Amino acid sequence: MRISTLFYTIRQGFKSIWRNFWFSLASVATISACLFLFGLFYVVIANFQNIVKTAEEGVSVTVFFHSAGDECELKGLEHDENQIPTDQRIEEIGKLIQARAEVSDVKYISDDEAWDTFGPAYFGENYREGFPENPLEGWDSYEVYLSDVSLQPALVNWLQSIPQVRKVNYSEMTASTLSGANMIIAYVSLGIIVILLAVSVFLIGNTVAMGISIRKEEISIMKYIGATDFFVRAPFVIEGMMIGLMGTAAPLAIIYVLYQYILDYVAGRFTMLSGFLQFLPISDIFHFLVPVSLVLGVGIGFLGSFTTVRKHLHV
Amino acid sequence: MTRRERKRLQCEKIIEEKGIICLENVTKSFPGGAHAVNDVSFQIKQGEFVFIVGDNGSGKSTLLKLFLRELVASQGKVTVMGQDLSKIRHRQIPKFRRNLGVVFQDFRLLKDRNVYENVAFAQRIIQMPTNKIKKNVPGVLATVGLAGKYKLKTTQLSGGEQQRVALARALVNKPAILLADEPTGNLDPRSSWEIMKLFEEINANGTTVVVVTHAKEIVDTMQKRVITLKRGKLINDVEEGVYGDED
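Residue numbers (numbering that gives the first Met the number 0), protein chains in the order written: chain A, 0 to 314; chain B, 0 to 246.
It is worth saying that the hints were derived from the structure and are not from the lab. Keep in mind that this is a model prediction, so the values were computed, not measured. A virtual CB, placed ideally from N, CA and C, is assigned to each residue, including glycine. Where hints are given, some of them may not hold.
Think about it this way: if two alpha-carbon atoms lie no more than 25 angstroms apart in a straight line, the pair counts; the simulated DSS-like pairs of lysine-lysine are [to be verified]:
id, chain 1, residue 1, chain 2, residue 2
1, A, K310, B, K133
2, B, K133, A, K14
3, B, K134, A, K14
Output of the computed footprint for chain A on chain B, the stretches with three or more beta carbons under 8 angstroms from beta carbons of chain A [what the hints assert, rightly or not]:
id, segment
4, 119-127
5, 190-203
Given only the sequences and the hints, what does the whole structure look like? Please build it.
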């Protein structure tokens, strides 16, 4: 193909957008509306999931070890020889916990650190006055953070099977609630995304198809005077892709501006919620939204025009 | 000798033997069994001027579509420019059609483009370099008497002028055959005669012209070969005939 022919077809694609101004505008508006809805829903769902995920990350399991004079002995139960761990064994257990797939982080809290946290919270700043010695002596513990809250039961079972572990503190309800919420969000968002995608594909595809169908006489003229399928199709495909691109750019720009505004507004107005409401940064949102919107807008513009022109090529 | 040259020579030989258009027992039937064209045979020699006449539904336009390879014969053989159209592949059709110029009753111009662009479009299709297009298009527009109107939109032209643009578009690639489907159907008598005179001039320069028409006065006056169809059958084929001549 000649370079001049290539440039001609590209130029014709661009000119067609202008020539069929109202159709182009309607197509861009349809694509924009579909992708705006899709983007808006994605932003809400992504942030909601992020909030749940942040809450999950805060869920921890606390592991306590046997020690001389602990509540077991108070209850009249004697410790076995191996039950009271050495410092080395506690360290070993810490490493074993860290190596588990369910675990995202492990924090060792010595009995002194525990008392330094617990004392002021319950007895005020002068907590040491009433307790010259650490009442939590021997209460060394691990605070274990989960990578996936739904795996908590498996981890707890394993921890409880370690002979040196006296007690595992965990909240079954928090874990199951968060895990359930996460699952519901995943299924609902998947369902809505699939429906929105299907509606977008249908609407965008039909808009492009309709615009080409009203120009089928133009296609037949081209074919009668000896145009190849490529020559007929190329300007329509370029037009379809450009309309798709414009239809994609507009909602992305609106979502960008709107999202930044909402982030600033919430940060300024609801400072006390900032610890709980962890919004995703715009870069994380666009990391998914830009390629998907481009595939939807430009991809359907391309496929829609390609297949619709083909229907009218048999002249 | 290359394969292309061999094929060209073969086509030339067929054109010499069978004419530039040759129909051999051609039948075109549509779903439901109706025969639009029924066992029609004739030849058109290179450089001839032929009218195809007949009532509505006689199969005239179907014949034209068979020549253009828009339709394929259900039976029989259609040979145009030495090529058996039943054997031509879909991707070869555009190249084949570039040998034919087509003019329609409703002009079929690209309404959003001006006169120059409509004619240049036919040259773009055959990938003519831009500098040659700039030279060829004004030339052919002058031939059809539209030299000064190349910048106008086709919607700004009269029916006769629009048909001239369509004719210029059909001629710009120097086709061997000019096919016209009711070219004067939408024109007043004066414009009709102007168009027919242009057809005659084009034919005088060696182009084969096939005109499907209802225009009795034109057919009777021009005294060219007339092929008459009735309900899909060829009922008459007369040199220097008149409309409705049934011997």
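Okay, the hints, checked on the actual structure:
no.	hint	verdict
1	K310/A x K133/B	violated (33 angstroms)
2	K133/B x K14/A	holds (20 angstroms)
3	K134/B x K14/A	holds (24 angstroms)
4	119-127	holds (count 6)
5	190-203	violated (count 0)
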